[in-house]
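A.B. asks: Protein sequences appear in the order of chains A and B.
In this text, residue positions in the first sequence follow my numbering: the first is 2, and each later residue adds one.
In this text, residue positions in the second sequence follow my numbering: the first is 150, and each later residue adds one.
If you're looking for bench data, these hints aren't it; they were derived computationally from the structure.
Fair warning: there could be bad hints in the mix.
[Unchecked claim] Pulled from the structure, derived: some chain A residues nowhere near chain B, Cβ distances all over 12 Å: (1) Val28; (2) Ser79; (3) Gly141; (4) Phe165; (5) Arg183.
[Unchecked claim] Cut-off 20 Å, straight-line C-alpha distance, at most; resulting in silico cross-link-like pairs (EDC-like, lysine to aspartate or glutamate): (6) Lys20/A x Asp251/A; (7) Lys322/B x Glu202/A; (8) Lys381/B x Glu205/B; (9) Lys322/B x Glu195/A.
Just so you know, these numbers come straight off a predicted model, no measurement behind them.
Backbone N, C-alpha and C fix where the C-beta goes; we use that ideal spot for every residue, glycine too.
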Amino acid sequence: MEMLRILTWPGYADADLVKTFELRHDVRVIVTEVGNDEILRARMASRQGADFDVFAANTAEMVHYIDAGLVLPIDIRSIPNTHNQHPRFSRLSEIPGITRDGKVYAIPYTYSEMGLIYDRRQFKTAPTSLAVLWDPRYAGKVLLFDGGAHNFSLAALSLGLNPFRIPPAEVKQVLNQLLALRRNALGFYNLPEEATQLFREQSAALLFANYGSQQVKQLRDSGADIGYVVPREGALAWLDCWAISRGARDKTLAEAWINYTLEPAVSRALTQRQGLANTLEPSDTARSHDRLIWLEPVENDGWRTQLWQRILSGEREASLTP
Amino acid sequence: MAAHPFGRARSQSYAVKLSIRTRITALMAALGMLASGLTGYYAYTSSQTLLGEATEREMLTSTRVIGRSFSLSIREAVKDVALLTELPATQAVADLPAASAQAPATAAHDRLAKSFESMLANHHEYFQLRLIRADHHGLEVVRVDRDGATLTRVDGAALQEKGHFSYVFRALKLKPGETYLSPIFINQELGAHTGQDQPTMLVAQQVFTSDGRLYGLVIINIDLNGLFDLLKADLPPSLQLYLTNAHGDFLIHPDPEQTFGFQRGQRILAQDVFPAVANIVDGQAEYRVITVNDPPALRGYPTEPTAAVFLRQPLGDYVSIDRFVIIGLSMPQKEITRPTRALASATLNIVLIFSGIALVLALWMSRALTYPLQLILQAVERVSTGHDLSELPLNRNDELGDLARGVAHMHTQIRDQMVVLDEHRRSLDHLARHDTLTSLPNRRMFFDVLHQAISRVERAGTQLAVMFVDLDHFKEVNDIHGHATGDRVLQAAAARLQHCVRAVDTLARLGGDEFIILVEALGTREPVTQIAQKLILQFETPINAGQHVIKLGVSIGISILPDDGTDAETLVAHADEAMYAAKLAGRNGFRFYSSTPAKPPDPNTHQQGN
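Turn these sequences into a full structure, and let the hints steer you where they fit.
C.D. replies: Written as structure tokens, this is what we have:
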């Protein structure tokens, strides 16, 4: 019997949905789940992708796979369900990192944007700009994520710069912006639970929702009276896409799988079960006109992380030089 | 073919004997082994259980000791932070005019740094001592770090702003007199010298200016590595130490990779490996004894069945998100039962020795039981082959003695009855071969003797004679004087005949008044003629039969082997014929068959004697 080998994230290929696909195509499906990008890279690299037919990765990671030649171009006509996708996702050329030289390498499947959560009791009207994070009125009431790459992007975005490519000339400005962000912050969190606890306990006013809708749900479940907004500068967002491995044994079957996941029933299951937005219908959090900035590889991940650690440690302008 | 009458029985008896002995041996030995084996097994398992329980109690005690020592260390740190807060040097810095906050260090700062240094020099369990301002984003004012073997004072531009750390913004919200205790975490703040990337716990108290305003915080970073090492130091190597925070996140784990997962965006929880820890986390239990028989594969440890004790250790009456830690000790079950291995081998030895003894005893006992039986059997076999009884264990006082005596008694009885039977058989035999009236051999015996004599004579090439003797007129005796008289006459006649023959010759009664004589070893007919004449002469004398005196004659016919025939029947028949010829010739005479004509003979020509 023919076999389809899927490398993906928990919740992207539930057993019952896989079963339906197996029966429909009379094939056997083997699902391998990964928990982070590093492991996914290692799995794909181990035998030049020969171990898997189809896999899921975000747009920033996809650039790496295209660079490494580990993915095959996809014939969009063989995935007719792309017609059902929200226009935001069907205009593939507008999504950075998944097309190259006119060829499509990945099909968007699910996404999550990092908007702002605010305490309705402290905001008469919803904040509209990222600038609110720097607003001294909310000094010591802003909760941020402890992540170098994202915070640099956030600072660049607030300054009207390309969040993923900070020109050397603007670095000093961005660093000062980050220092200002730190000084305005209550604190920096790692886990969503931690954020929820601090938000409630410390009566925070604003929260950068690194985990997106998941945090909105968690805070609402905890009884917080919160709103959620994508600022006008746009919200960073990760977008996970399906791609076909260079080692795929049956490209048609891999495309059939991608097409299957874009069926309303399957895509809705992702939303209902995992709370993740699907690409067919608008999400609860991001409105259609909201600007979503799909993640791209940053100019220098290590540099950002290292500098961020210094900022987080409490260094001041005097010692902080790029 | 003459099979030995006991042949079959003997082999059977051996089989029975062997099997009884084997069976007794096997049964006794099995019973002995079973008894010692069961005793050994029970002793082994119960000691294993006892040992397991004792180990669990010991582990629980050890976790309590570790927990208490952990709490005590924290209490000491709290005392030290209180001491530092109240130092005049601290107060002096707090009371400096506001303008000097960003200014270079003053003498007051230096004095406080000296105090910090002396405290750190005396307390190796601290990484860092700091005075932090409540304003200026939590800027450090005085800070001394442990830096390897030395102490480093961090000053000037290197001082950092810590206001965004929870230990600062939480401690700044303390009420007067309270102490803040941070959760245990890996200190990832850069520039922390020795303390960087090490597990730590922060103790903080507020510092107030002389006029009662909140100035900032004195913070001690406790070196938990040192503390953990201290906790581990007294543990035997087979024991594994665990420490988790109040949520179950591992802080100490045999595999360092499993610790502080929450700081890498990943929760590694004790309750995933030791499910009962959940009861401690949610406050249902103070401690749990946990047996992990089937370690979950997800964490890679424990890799083998393990027993563990987890205990909630309250940290004291301080302000903290985590009011307690959970301390755990685990030990592989094979380590717990290791001492029972020596016991097992000792038990096994005892079982083996006792089994051996049981086997020897069983052999001895079965022999003691079957040896007398064997003696009796041999005795019975000897009797059956015609021998006398051999030695029997007659003196035993048990059932075997009874059996032997029974066999001996039975043997005596059988022997006596055999004697009687023999007598009977002999008399029956005599009856079958002799005439009851005259006690002379009967016809059957005579023919047996004759047959044997013929073969002897034929081999020797000699002659023999058969003399057919018939009493003349005996019928009248019977008719006139009755049968009783006839019988007496016959007895007397037999006696007279007996008198006339030689010891080697055979006289028999054929029936009625007919007698027959076998005369052996003849060279000539002369002795036969003499015997015949002697017989006739004998009967000259009348026979006294009670009141009757009876005169009888005899007619005698004689046949000679080989002239008159070569077989017994012919010889007798020819002797008979000759006897008739003699009768016809006038009775009371004798006649040889060979002299008898084919026709009825002429008595004159053939009569011999008178």
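A.B. asks: All hints are to be evaluated individually against the structure, with a verdict given for each.
C.D. replies: To see whether the hints hold, each was checked on the structure:
no.	hint	in the structure
1	Val28	29 Å, holds
2	Ser79	37 Å, holds
3	Gly141	7 Å, violated
4	Phe165	21 Å, holds
5	Arg183	6 Å, violated
6	Lys20/A x Asp251/A	19 Å, holds
7	Lys322/B x Glu202/A	12 Å, holds
8	Lys381/B x Glu205/B	18 Å, holds
9	Lys322/B x Glu195/A	19 Å, holds
Violation of the numbered hints given earlier is confined to hints 3 and 5; the remaining hints are satisfied by the structure.
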